[in-house]
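Asks: Sequence:
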Amino acid sequence: MSISSANRRSHVVLVIALVAAISGVLLLGAFAFGCLCFWRKKAAPAGRDNELPLRATKLKLRRDDQGFSDENKMSSEEDDLDLRLFDLAVILAATDNFAADSKIGQGGFGPVYLGRLEDGQEVAVKRLSRKSAQGVEEFKNEVKLIAKLQHRNLVRLLGCCIDGDERMLVYEFMHNNSLDTFIFGDEEKRKLLRWKTRFEIIAGIARGLLYLHEDSRLRIIHRDMKESNVLLDRNMIPKISDFGIARMFGGDQTTAYTLKVIGTYGYMSPEYAMDGVFSMKSDIYSFGVMVLEIVTGKKNRGFYDDELDLNLLGVDVVEGRQKR
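To convert, note that position 147 of the sequence shown is 147 in UniProt numbering; the numbers rise steadily by one, no gaps.
To be clear, the hints were calculated from the coordinates, so they are not data collected in a lab.
Please note: incorrect hints may appear among the correct ones.
Unchecked claim - No more than 20 Å apart at the CA atoms, straight line, and that leaves these computed lysine-lysine pairs for PhoX-like:
| hint | residue 1 | residue 2 |
| --- | --- | --- |
| 1 | Lys189 | Lys260 |
| 2 | Lys299 | Lys189 |
| 3 | Lys196 | Lys298 |
| 4 | Lys281 | Lys260 |
| 5 | Lys191 | Lys299 |
| 6 | Lys298 | Lys191 |
| 7 | Lys140 | Lys299 |
Could you build the full structure based on these sequences and the hints that come with them?
Replies: Structure follows, in structure tokens:
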């Protein structure tokens with residue numbers, strides 16, 4: 001056996017051993033998460049109202065210091081959202097008229113800019129691409145969902161701007177950008193993620209998901225959980241973001257079906273990717289993939305073992321079966 005072949009085989013054994021250890025952590029985490037969900041359900045008051053509104057698109061917009069016009073209201077019979085409406089002039093001044101050096105990201109929704117308001121507050125401005133029909137729906141969806149959610153591990157929506165064809169969402173600015181830039185970024189950034197920090201990030205994401213699924217008055221299925229949709233503040237506290245394709249469940253609903261499967265392959269559960277069936281389990285599956293990636297520093301879709309003919313998640317599953 002050549003030296004290179006021996007080194008390669010030892011590397012494979014090391015990876016499998018690491019993934020096996022992770023499997024045990026995931027099983028314990030899943031058990032603890034399930035127990036916590038069961039306990040909270042059992043502890044909920046018997047008279048709790050589980051009927052949740054399925055539509056909520058009216059904005060009860062608060063007057064900004066710069067004022068706003070009534071023609072910018074979105075209305076519906078269903079519900080009111082108390083959300084600040086920013087004047088376009090305020091956004092233009094904050095982003096230096098959407099200057100190229102103010103751009104900090106690009107998503108399916110459109111570009112994201114760093115802005116600074118008159119009081120010095122830094123904000124992230126997500127600007128809807130005018131060419132994106134899907135973006136309009138995502139804009140409405142994100143406004144009606146995230147405006148009602150408040151949690152330490154969810155990104156905070158500060159307001160929006162609606163002016164003619166312009167549609168923008170204004171968020172609190174996250175100084176450390178998204179989690180993927182640390183997990184899959186350069187070596188210097190990876191070194192900043194010590195094991196304690198990684199554990200705290202995983203725990204924070206889990207708390208945010210638990211709130212979405214069990215503790216908020218709206219049961220939300222995110223449907224696109226991945227590292228790039230988790231932002232980090234100055235203190236590396238994770239905040240789940242991007243609710244453009246999230247779905248709201250009402251009453252005792254636990255499962256839904258769609259003909260239009262949207263999300264990111266590599267993080268989708270098999271039943272969602274193949275059959276369009278999604279539930280809380282779909283988000284938990286995506287969370288499990290994220291845990292593997294955070295611990296190993298490897299992408300599920302980017303990792304491939306030639307000998308086992310499997311990706312990162314496949315290696316984990318096979319190793320788990322072998323240990324039974």
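Asks: Look at each hint and say if it fits the structure.
Replies: Tested hints:
In summary, the hint linking Lys189 to Lys260 is not supported, as the alpha carbons are separated by about 36 Å, beyond the 20 Å threshold. Proposed proximity of Lys299 and Lys189 is supported: the alpha carbons are some 16 Å apart, at most 20 Å. Taken as a hint, the Lys196 and Lys298 pair is honoured in the structure, with Cα atoms around 18 Å apart against an allowance of 20 Å. Restraint check for Lys281 and Lys260: the C-alpha separation of about 18 Å stays at or below 20 Å, so the hint holds.
A hinted pair counts as satisfied when its Cα atoms are at most 20 Å apart, and Lys191 with Lys299 qualifies at roughly 17 Å. A hinted pair counts as satisfied when its Cα atoms are at most 20 Å apart, and Lys298 with Lys191 qualifies at roughly 14 Å. With a CA separation close to 31 Å, the supplied pair Lys140 and Lys299 exceeds the 20 Å bound.
In summary, the numbered hints that this structure violates are 1, 7.
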